[in-house]
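Student: So the protein lines, in turn, are chains A and B.
Oh and the first sequence: position 28 is 27 in numbering that gives the first Met the number 0, straight run, nothing missing.
Oh and the second sequence: position 53 is 52 in numbering that gives the first Met the number 0, straight run, nothing missing.
Check each hint, because a few of them may be wrong.
Claimed, not checked - Chain B stretches covered by chain A per the calculated footprint, using a threshold of three residues with CB under 8 angstroms from any CB of chain A:
1. 79-86
2. 141-150
Claimed, not checked - DEER-style ranges, computed between Cβ atoms:
3. B:THR23 to A:PRO117: 29 to 39 angstroms
4. B:PHE70 to A:ALA24: 23 to 33 angstroms
5. A:GLN130 to B:LEU176: 34 to 44 angstroms
6. B:LEU167 to A:GLU37: 35 to 45 angstroms
7. B:GLU114 to A:ILE203: 55 to 65 angstroms
8. B:ILE69 to A:MET32: 21 to 31 angstroms
9. A:ILE203 to B:HIS109: 56 to 66 angstroms
10. B:GLN181 to A:GLY40: 47 to 57 angstroms
11. B:ARG177 to A:GLU37: 35 to 45 angstroms
None of these hints come from the bench; they were simulated from the model.
The C-beta atom is built at its ideal place from N, Cα and C for all residues, glycine as well.
The lines below spell out each chain.
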Amino acid sequence: MDAEAWRIIWFTLAVALASTALILAPAVALAWMLARREWRGKSLVETLVSLPLVMPPVAVGLLLLKSLGRRGFIGRLLHDVLSLDIVFTWKAVLIALAVMSFPLAVRGARLTFEEMNPRFEQVARTLGATQWRVFWTITLPLGWRGIVGGALLAFARALGEFGATIMVAGNIPGHTTTLSLAIFRDVELGNDDAAFRFMLCSVIFAFATVWTSELFFARRRRLA
Amino acid sequence: MNLALKNIQLPLGAFALELDLVITRRATGIFGASGAGKTSLLDLVAGLRRPTRGRIEFDGDVFTDTKARIFVSPDRRRIGYVPQDAALFPHLTVRENLRYGLDLIPTEEHRVSFEQVTRVLEIAAMLDRRIDFLSGGEKRRVACGRALLAQPRLLLLDEPLAGLDSGLKSRFMPYLLRLRDQFEIPMLYVTHEAGEIVELCEEVVVIDRGRCIAQGPVGDLFVERTEQRHELRLPTKPA
Numbered sequence: 000m001d002a003e004a005w006r007i008i009w010f011t012l013a014v015a016l017a018s019t020a021l022i023l024a025p026a027v028a029l030a031w032m033l034a035r036r037e038w039r040g041k042s043l044v045e046t047l048v049s050l051p052l053v054m055p056p057v058a059v060g061l062l063l064l065k066s067l068g069r070r071g072f073i074g075r076l077l078h079d080v081l082s083l084d085i086v087f088t089w090k091a092v093l094i095a096l097a098v099m100s101f102p103l104a105v106r107g108a109r110l111t112f113e114e115m116n117p118r119f120e121q122v123a124r125t126l127g128a129t130q131w132r133v134f135w136t137i138t139l140p141l142g143w144r145g146i147v148g149g150a151l152l153a154f155a156r157a158l159g160e161f162g163a164t165i166m167v168a169g170n171i172p173g174h175t176t177t178l179s180l181a182i183f184r185d186v187e188l189g190n191d192d193a194a195f196r197f198m199l200c201s202v203i204f205a206f207a208t209v210w211t212s213e214l215f216f217a218r219r220r221r222l223a
Numbered sequence: 000m001n002l003a004l005k006n007i008q009l010p011l012g013a014f015a016l017e018l019d020l021v022i023t024r025r026a027t028g029i030f031g032a033s034g035a036g037k038t039s040l041l042d043l044v045a046g047l048r049r050p051t052r053g054r055i056e057f058d059g060d061v062f063t064d065t066k067a068r069i070f071v072s073p074d075r076r077r078i079g080y081v082p083q084d085a086a087l088f089p090h091l092t093v094r095e096n097l098r099y100g101l102d103l104i105p106t107e108e109h110r111v112s113f114e115q116v117t118r119v120l121e122i123a124a125m126l127d128r129r130i131d132f133l134s135g136g137e138k139r140r141v142a143c144g145r146a147l148l149a150q151p152r153l154l155l156l157d158e159p160l161a162g163l164d165s166g167l168k169s170r171f172m173p174y175l176l177r178l179r180d181q182f183e184i185p186m187l188y189v190t191h192e193a194g195e196i197v198e199l200c201e202e203v204v205v206i207d208r209g210r211c212i213a214q215g216p217v218g219d220l221f222v223e224r225t226e227q228r229h230e231l232r233l234p235t236k237p238a
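Please work from the sequences and hints to get the whole structure.
Tutor: So this is what it looks like as structure tokens:
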């Protein structure tokens with residue numbers, strides 16, 4: 000493989016990793032809120048969080064494009080206040096991957112919290128621990144396998160993201176091209192060999208990530 | 000001790016827990032069939048559930064008052080809780096479980112010491128063991144020790160003998176008696192076994208479908224049928 004192909008692979012891995020790191024903390028916090036608390040608007044938030052799983056990715060991408068573009072509310076704000084342009088840059092790729100993989104990270108963590116005996120956390124509270132302390136000393140150590148499993152699924156989803164990314168970041172060689180976009184481009188240009196090599200990389204990454212996440216989920220189920 | 004549950008209401012699916020009672024004896028049994036609302040009562044006292052209505056007061060401190068919008072969180076109540084399944088933290092050793100609450104309390108406030116608890120409950124030999132390697136009875140003892148070491152003002156025991164066979168039960172009961180006599184911490188003891196109440200408690204509160212249907216000295220409410228069998232004898236209503 001040539002230098003450009005390696006660059007695309009590294010860029011895809013880096014941006015997928017960064018998007019997973021970006022969503023992990025909010026996903027865990029939201030998952031805990033959904034699993035452990037009853038609050039007004041909960042079902043609405045649950046639905047909104049799950050939307051990227053069922054909506055056409057290009058539709059999500061269009062939404063992002065309209066809101067992050069210079070004429071969009073967020074995009075204009077970022078441009079005027081921070082002189083920051085998002086769309087058609089690597090930052091747009093990062094946001095698209097984060098939005099599309101967020102539901103999977105939330106689901107993994109939420110399932111873990113729901114399977115965990117709530118008495119552990121309740122007893123810890125009666126022993127004098129604050130909610131925050133209980134989270135760090137009980138919830139997280141008992142649930143980390145499920146959280147990591149969900150994060151790995153989110154990472155796998157980010158690695159393969161296409162629709163939302165091409166809408167909001169385009170397919171700009173050297174700037175926003177990820178593995179999926181490279182496969183699409185090479186097929187369109189008739190470079191079947193290159194497309195096949197990228198496809199093979201995608202399969203290897205996806206297989207390794209999903210398999211590892213299953214190992215974490217299986218271990219979590221055994222503990223539960 | 001003085002624990003008052005005033006005008007309490009908590010919906011429990013098919014019925015609501017509706018209580019109005021004052022508990023003053025050091026060892027009080029909460030007696031009733033499964034699903035009567037006994038555990039929910041303990042949860043209310045511990046602050047693990049909020050009533051939709053009512054006031055809970057312990058030794059002059061208001062824990063819950065729905066009218067005045069007062070709710071003291073469980074970590075500030077100093078109420079020790081031993082749940083039915085012991086709920087020992089599976090990722091910690093016995094020692095770490097025991098010290099979980101103890102380490103959160105300033106040393107000058109320690110009335111019950113680590114050595115005292117491990118000696119009385121005979122758990123000193125298992126301190127470095129993982130929870131998975133404990134028997135059912137050992138788990139209950141560790142759970143009692145963990146609750147005691149958090150220096151509670153009141154101890155809540157939710158069916159600590161449930162699920163143990165009769166041999167284990169009779170071996171575990173002396174630990175509960177020691178716990179009652181040597182630590183002098185008031186306790187609420189939930190069970191549906193009359194014999195346990197008779198052996199351990201001075202007073203009993205009888206709960207049926209969320210309501211207190213009787214309260215009084217154990218000797219007045221339980222009658223001995225055979226040597227080891229006791230039966231509840233509810234007072235007849237005056238005509």
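Student: Could you work out which earlier hints the structure fails to respect and list their numbers in ascending sequence?
Tutor: Every hint satisfied by this model.
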